[in-house]
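**Q** Please take these sequences and the hints and turn them into a complete structure.
Number of protein chains: 2
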Amino acid sequence: MNSFIAKSARLRSTPFTERIEAYGVESYTVYNHMLLPASFKGVEEDYRHLKENVQLWDVSVERQVQIKGPDADKLTQLITCRDLSKAKDYICYYAPIVDDKGKILNDPIIMKVAPDTWWISISDTDVVLYAKGIAIGKNLDVEVIEPNVNPLAVQGPKSFELMRRVFGEEILKMKFFHFKRYPFAGHDFLIARSGWSKQGGFEIYVDDDVKGLELYDALTLEGKDLDVRPGCPNLIERIEGGLLSYGNDMDINDTPLECGLDAFVSFNPDIEYLGKSILEKQHAEGVNRSLVGLKLQMDKISITKFIPIFQGSKMIGELRSACFSPKFQCCLGIAMVDKSEQDTSQPLQISIEGNQITAEITSLPFTK
Amino acid sequence: MNSFIAKSARLRSTPFTERIEAYGVESYTVYNHMLLPASFKGVEEDYRHLKENVQLWDVSVERQVQIKGPDADKLTQLITCRDLSKAKDYICYYAPIVDDKGKILNDPIIMKVAPDTWWISISDTDVVLYAKGIAIGKNLDVEVIEPNVNPLAVQGPKSFELMRRVFGEEILKMKFFHFKRYPFAGHDFLIARSGWSKQGGFEIYVDDDVKGLELYDALTLEGKDLDVRPGCPNLIERIEGGLLSYGNDMDINDTPLECGLDAFVSFNPDIEYLGKSILEKQHAEGVNRSLVGLKLQMDKISITKFIPIFQGSKMIGELRSACFSPKFQCCLGIAMVDKSEQDTSQPLQISIEGNQITAEITSLPFTK
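Chains as they are written, first to last, in this note's numbering: chain A, 1 to 368; chain B, 1001 to 1368.
Just so you know, the hints here were simulated from the structure itself, not pulled from any lab data.
Just so it is clear, CB atoms sit at the ideal spot from N, CA and C, and this is done for glycine as well.
Misleading hints may appear alongside valid ones.
[What the hints assert, rightly or not] Pairwise CB distance ranges, derived in the manner of DEER restraints:
hint, chain 1, residue 1, chain 2, residue 2, range
1, B, E1161, A, K74, 27 to 37 angstroms
2, A, L213, B, E1146, 33 to 43 angstroms
3, B, G1024, A, K41, 23 to 33 angstroms
[What the hints assert, rightly or not] Straight line, CA to CA, 20 angstroms or less: simulated EDC-like cross-link-like pairs of lysine to aspartate or glutamate:
hint, chain 1, residue 1, chain 2, residue 2
4, A, K68, A, D141
5, A, K101, A, D83
6, A, K180, A, E169
7, A, K138, B, D1071
8, A, K327, A, E360
9, B, K1101, A, E169
10, B, K1068, A, D100
11, B, K1101, A, D141
12, B, K1305, A, D208
13, B, K1305, A, E18
14, B, K1180, B, E1169
**A** Set out below in structure tokens:
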């Protein structure tokens, strides 16, 4: 059933809301108490456009939690299981935030933006309140705020040409998951080569609303012949690419190891973070369940809540995200499944809208 | 511009979502990462129905943060400026959550549901992460979780008759802002005489999905001749009633004293809470700005972001919520306005969609 979104100041607008509404937003979701477009011309049409052209994404919802002060390094390390002890001030770190039970509270990108200042570019939970709580409780000398920073992503294969036109050749030299400041109209913008798609692109951390709109308009103008248009994180593209979504594929009931994020969990004896001993134990013993890819022989699917997965009469997991994939010509799902059941040759069944669907476990990210 | 809401598991459904969707939800908002209906047959029609009849509200979004354990009293008191030292286990306490700067992070109802257990029934921020952070930082012996509790509100003048039919005469004896457990179908439901309207009613804290649906269906059936139907917190009714909305009328940049919540700020020397010394200082010196009511001579208004308020060329505040009021036959607004400007006879101007509107400061709650 289609319902409208009811707007209010509580669902915050962004510096770019007027621009994208003038263009036409088909649907919104809400993320960090803020409006995030979910489709413009239909999810599948948006997907096709993204894979061939370039899109401007108003991802202001990627709020920054700024931790600044003499104890900033300590606090930032304490709340993530990734080793930040050698963090460079030009690299983006995908770094799960965990609690004292080793459960995942958020999966942000963390950047050291100044010697005593970190930006945590968050997914959809109030990390600012968690960081504040820890800082207060441990009496740390830091300031924890959410600054007025509104990321604008430029995504798609033609994003490189568009960014070259606006920022110059120099920007093409930047490596993936690096960041640097580049001038535009007299203002230095922090820009990362990153973004929540596999089509290539950049994220511009807009810290000045007026200059940000100038930049938005310049990107629109300079990209006319590249068919630039507003876009947004795309359900199909992100599932095909195996990009996890906090709140969908993982939440506070999961550990990073259960979510396959082993590469971002440090067991370096020299660093201290919350939940470390629990994650060490889980790492040593092995996880009991983990995220897997599923292929489902259906031609459409829409997930609005976790769907139980059965093997015979036994519930062995839950489907958390899914879409029809034009590339794979079947439905793809991301599911949490008991580890002991993942190797058997017995098929899995999922009941979707009264139909029994057979599912096949596959790798994540998906491969043909 | 009207856009649809894009659903996903991240915007959590509730035990009642299927029921209300079968009835038809015109619009949703998102609150605590969960779907909250915002209208069924239009906000004004819903308002008229609510004032005359009885509605079932799926307010599962009022999540509970459960603080349990030997240090539960200490932690709960630490994060709110309301004095809970004499809290009774049958009374609901409206109790602002504050940080170490005295800023308001949430404005929940707090209930002591067992000798070592508190439920914080939150507005729209992740209090669970804040409480967890403080507990971890101070090494307190508590468990902080969000239990599977999904409040169902029964609101409107005929709610008393409907609840009498389902729970018996006894429930009519309960006083406003009291709570107690009442049996239905062999299950004890915690029920409070409360709700986010001024039309009277109850909130049922549903802690069993299956029994909750049985109850939902019984309320629907028993209320047929009372014209019971699904409803939701109503923009017009709540503004006319002067009920504040966290995220709209107040946020992390405000203190409870600036929001007129003086009655819920304790200066009892025997209790300790975060930000107390700052609130004591602000109380002694007086606030520089405060929430006021505004009357605007317009026949419709829709607020999606704070609107600056001017006196001559000077910006003196911002309009945060507003609606057209059928009762007052003008638009009503809730605004944060500099204290020094509130007594002058000079009119206030607000620019809305290019029109200059004159506003008159009035009391809050509004009176004719």
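**Q** May I ask which of the numbered hints given earlier this structure violates, with the numbers listed in increasing order?
**A** 1 and 9
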